[in-house]
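A.B. asks: With chain A's structure known, arrange chain B on it following the hints.
Protein chains in written order, with the numbering used here: chain A, 57 to 416; chain B, 311 to 490.
Simulated from the structure, these hints should not be mistaken for lab results.
Nothing here was measured: the structure is a model prediction, and the numbers come from that model.
Hints are supplied without guarantee of correctness; some may be wrong.
[Said to hold, decoys possible] Pairs of lysine-lysine residues, derived as BS3-like cross-links and limited to a Cα-Cα distance of at most 25 Å, are as follows:
1) B/LYS411 with B/LYS396
2) B/LYS396 with A/LYS411
3) A/LYS238 with B/LYS462
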Amino acid sequence: MNEEVRLMKGNEAIAHAAIRYGVDGYFGYPITPQSEVLETLEAEMPWETTGMVVLQAESEVASINMVYGGAATGKAVMTSSSSPGVSLMQEGISYIAAAELPALIVNVMRGGPGLGTIHPSQSDYFQATKGGGHGDYHLIVLAPATVQEMADFVGLGFDLAFKYRTPAMILADGIVGQMMEKVVLPPVRQRRTPEQITEQCPWAATGKSGRGHRNVVTSLELDSAIMEKNNERFQRTYAEIERNEVRFQSYYTDDCDYLIVAFGSVARICLKSIEEARKQGIKIGLIRPITLWPFPYEAIAEVAKQVKGILVVELNAGQMIEDVRLAVSHEMPVYHFGRMGGIVPNPLEVLNAFKSHFNN
Amino acid sequence: MTEEIIIAGFGGQGVLSMGKILAYAALMDDLEVTWMPSYGPEQRGGTANVTVILSDSTISSPVLDTYDIAVILNQQSLDKFESHVKPGGMLIYDPSGIHHKPTRDDITVISVDAMTATIEMGNAKGYNMILLGALIKARPMVSIDAVLRGLKKALPERHHHLIPANEAALRRGMNLVVNE
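Same shape as in the complex, but just chain A (with noise of 0.2 Å):
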């Protein structure tokens, strides 16, 4: 039964994905273009097959706090939301992050800025990759392209956020989170034990265990000379992660005079619009990042060595692209095609923006 191919949104890959990993919990509020998983949570009932608590919440500030209080226990919870909300779980994102907890987020982004538009949009880059709430913190960035990528980074955002006690986020955008497309579930794994838990998880707040001693989680220090040795520590977690974590996938680099660089499912978009220039005699390459911090900067500065030029395309004012230039340091010209508010490019717009900007 595991290897059936199904049919179905993103959103709702991320829910079934969620229940067969074996989460223990999610907390949200619905809020467009991601209602479908809550929704899609509430419909399956996983309360009465795995156990999983599925709640929906008054407000994104008690959701994400929620998911705080869940993650201080060792369990695997997770919150989702669409851009304004995401907002509003800022605060508690940095006390995770602070209080060294894994937890998975989900971002499917519509256009801002303010309540904006239901429609998609990849203007929470900076957000997501640059810190959103307060404090020196990262998240492990997730950015999926295909509903087959909702359902598998679920299970690699929880894995990741366990590994380093760091909390994921999966950045979609409402394209990636409102098509269908055909999907292979994940496999079905069982909720850990509240004794897996407490071996697993020597820092999670589960009474004295066995221990002797109860953990307290707190991402409050008033001593700032060990608040700075906390910080070291972060960012010794996050150079590790630097180290190990960078993923992106490379289309048609072998050969390519030029670059295109984008996320999600832009790259996608991208990709059709490489494939009619190479029949225009045109050769672009396509790098996709997919983990959009840690950021594949050494793979982009690899391939610019090769290249005139490089297009970054967003949907949003140009947010990524000061990441690929920074990649590769003002060496070449590095220009920024992006579409706002929630309208979406299409393949001859993506290309008729490389040919202006190199003469083509």
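C.D. replies: Frame of chain A; chain B shown alone:
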């Protein structure tokens, strides 16, 4: 084989559902498929369209600028999408409510009077299935058998008693198209 299709009309006409059943039929035939909706916040009224791509290889962009086939259910959608049908492509439209007919002569234009057929059948909810029947007859990308199996998969079991009515609508739509 790749078919890039746009289905466009008013919200409430069954545009998204029609695309969904087509997508499920593609699933039944082991094709790759993407179903990408575009609509406003309202449930009825307003424009709604869905891009469905069927292919025997991996699909890149779910968003397109031109289409092999456009299925058009109102004037606004005709005005918007007629020029985006690829040369040699196909435009299927319901003439009811269309004041300015399609003018392209480099594509196959098929008028399917699904509204009249719907009224004759006395099943308002069969409208989109009549058009889907017409589509798969005009361009046999999936079999009627795959569509019926797709319907069974897409509909929750409590609605399976509606499958015969949907099948009748599909077959009525197929009969409305006479291939040359």
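A.B. asks: Can you list which hints this structure breaks, lowest number first?
C.D. replies: none
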